[in-house]
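Peer 1: Chain residues, written in single-letter form:
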Amino acid sequence: MSSTKDFIISQLKEKIAAFEWSADEQSVGRVVKVGDGIARLEGLSDLMMSEMIEFKTKQGPVLGVALNLEEDSIGAIILGDGRAVQAGDEVSATKKILSVPVGEAVIGRVINPLGEPLDNAGTLAAEKFNPIEKIAPGVMARESVARPLQTGIKAVDSMIPIGRGQRELIIGDRQIGKTAIAVDAIINQQGEGVKCVYVAIGQKESKVAAIVAKLKETGALKYTVVVVGGASDPAALNYLAPYAGCALAEYFLDKGEDVLIVYDDLSKHAVAYREISLLLRRPPGREAYPGDVFYLHSRLLERACKLNKENGGGSITALPIIETQAGDLSAYIPTNVISITDGQIYLESELFYQGQRPAINVGLSVSRVGSAAQIKPMKKVAGQLRLEAAQYRELAAFAQFGSDLDQATVAKLERGKRLMEIFKQDQYDILPVEKQVAIFSCAGQGILDNVPVEKIRDFEKGFYQYLDQQGGAWLKDLKTKQAWDDNLAAGLKKIAEEYKSTLDYLILPAKK
Amino acid sequence: MRLSVRQYAQTLLDLCSGKTRAELEVLIDGFLALVRQRGDWKKAPAIADCFSQLFDGQAGQVKASATFAVPPSAADRKKIADYLARRLGRKIILTETVCPEVVAGALIRYEDKILDMSARRVIADLRAAISS
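Protein sequences, first through last, are from chains A and B.
According to the UniProt record's numbering, the first sequence is numbered sequentially starting from 1.
According to the UniProt record's numbering, the second sequence is numbered sequentially starting from 1.
Honestly, the hints are just simulated from the structure, not real lab data.
Idealized CB from N, CA, C, for every residue including glycine.
A portion of the hints provided could be inaccurate.
To be verified - Taking lysine-lysine and the BS3-like style, the derived pairs with C-alpha atoms no more than 25 Å apart in a straight line are:
(1) 56(A) x 79(B)
(2) 33(A) x 19(B)
(3) 78(B) x 33(A)
(4) 91(B) x 96(A)
(5) 113(B) x 58(A)
(6) 95(A) x 113(B)
(7) 56(A) x 113(B)
(8) 255(A) x 380(A)
Said to hold, decoys possible - On the chain A side, residues computed to face chain B include the following (Cβ under 7 Å):
(9) 27
(10) 28
(11) 43
(12) 99
Said to hold, decoys possible - Ranges of calculated distance between the beta carbons of each label pair, as one might list FRET restraints:
(13) 118(A) x 71(B): 46 to 52 Å
(14) 46(A) x 28(B): 27 to 33 Å
(15) 72(A) x 32(B): 15 to 21 Å
(16) 364(A) x 6(B): 24 to 30 Å
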């Protein structure tokens, strides 16, 4: 006991002796006007742009960020409860820019853009603080995107492949399955060594709660962090949410890891920024958005990249989501973000209501990285899929008029119908890439030609089970070789024919 | 064209230089009439404050207030004024207030700065250093 007491006393003496006293100079100002989450300040003559400030309110300190530096006053957004701030309150500069706590401890947590936990699971033990705003890596620090990020969605992985370090936009009308694609991509990262960040911007808290519950149920929350700027949160928090999420992702990028980040959605982000800008009396431009709304998203999305080996080799893959109105791709914010990203997945309402889900319009969707982000077997079997899907769409429109068609056209139509059935996939029913290769190879080899169109999904279900039970060696061979050859094609054909022999609904050839 | 508080104050300062007291009275009347005419009467108190700051800046002096825990001695007052004069390189016009919460030392305000030389802050910093 006395040795413990002596230790404490010696530590105290050491720290007191080492303590250096100095005068602390702080810049201070005063709140002149406050309302709608915005405060107008006077004083603080040497305040810098985007510097954090602290309002000394009766309820305790409240943080803010300076966004407008004018001749006689400063416009700042209030982070937190704006009702606590009153005119006349003292404000001090912190000489810091806004940062969020980052580290392994944030994984599995649900937090707000300031890094405060929302999941009642205790305080966050942060390793360090990353600034919310950061200049994106330069040209020489990057390398080309070459490694695939599998989403587990057949239509995406085969025709609109996404690579690690790519920005792929998911765009479509409301309630069309945009978030479903993003969440499926997160769930499919199980065991891939990819950390995930889901940023909810202006979303209903019930929707976010459902997503968190699903991630927990599937085990995806073990490698995911959820950043929430809810619909009832101030516009300032919704404005900061994607940057906070990116700062979290950059912690893992700097460690050389791969990260997937989903921004759901950037339309609401632009609306929040418009609200703040109008309240700060910045001049409105097109559709009342401020003039720098492009820069708002470009500086965010440029931080998603693939770094070269000298800089750790990590990557951030971004899946921003944009909501269109009545399918209008040519509106202001959608065209802005389309021009920034490396491709888009366009979801169409018409396809959705026809039962084609995910409702991906393959013609208008593109991945600018392309087959560089596909494994060799997938590249081989899915090479012609886009063309076949496009040809089917043309022929289907033509065949509506009921004219007599030649055999080759009928065959193409039938193959196309089966392809469309294969592209249908239930939510959360993700498929490993090896099984995707198997089913597309079956389609390409004509193995499905005598399976009725309405039975294709049943065929698929049973085929995957059969593949697990009887085709383990084939799957292993495919995974090991990472290439496609005639042996694999022949092996798959044998397994498929064996499976087909167990079925009773195949179309028999017409008797001559 | 809208004029800012600073522009008004700077204009008044420029006009005031080299005037006699009688001339200044006429000038100030005319200036305030102009402010009223332009519909900026609400800005008048802020213009007066800003003018005061600009005037002090031009005269090379700074108004500062020091808060002590107990009424300061003349030596303490001089010490603070000399310290500030050296730090800011200008003449100091010092006013004092007393607030026991400071504990010891002084809390100095000048322009839009606070210089915290109080024991209250030192104790808080020491507590933070020991607990880290």
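Peer 1: With reference to the structure, classify each hint as holding or not holding.
Peer 2: Each hint tested on the structure:
1. 56(A) x 79(B): Given pair residue 56(A), residue 79(B) is violated - Cα atoms ~30 Å apart, limit 25 Å.
2. 33(A) x 19(B): violated (37 Å)
3. 78(B) x 33(A): The given pair, whose Cα atoms are some 38 Å apart, is violated under the 25 Å limit.
4. 91(B) x 96(A): Judged against 25 Å, a Cα distance of about 31 Å means the pair is violated.
5. 113(B) x 58(A): holds (21 Å)
6. 95(A) x 113(B): The hint holds at about 13 Å.
7. 56(A) x 113(B): holds (15 Å)
8. 255(A) x 380(A): violated (34 Å)
9. 27: holds (6 Å)
10. 28: Cβ of residue 28(A) sits 5 Å from chain B, so the hint holds.
11. 43: Nearest chain B Cβ about 4 Å off; hint holds.
12. 99: violated (18 Å)
13. 118(A) x 71(B): 46 to 52 Å: holds (51 Å)
14. 46(A) x 28(B): 27 to 33 Å: holds (31 Å)
15. 72(A) x 32(B): 15 to 21 Å: holds (19 Å)
16. 364(A) x 6(B): 24 to 30 Å: violated (54 Å)
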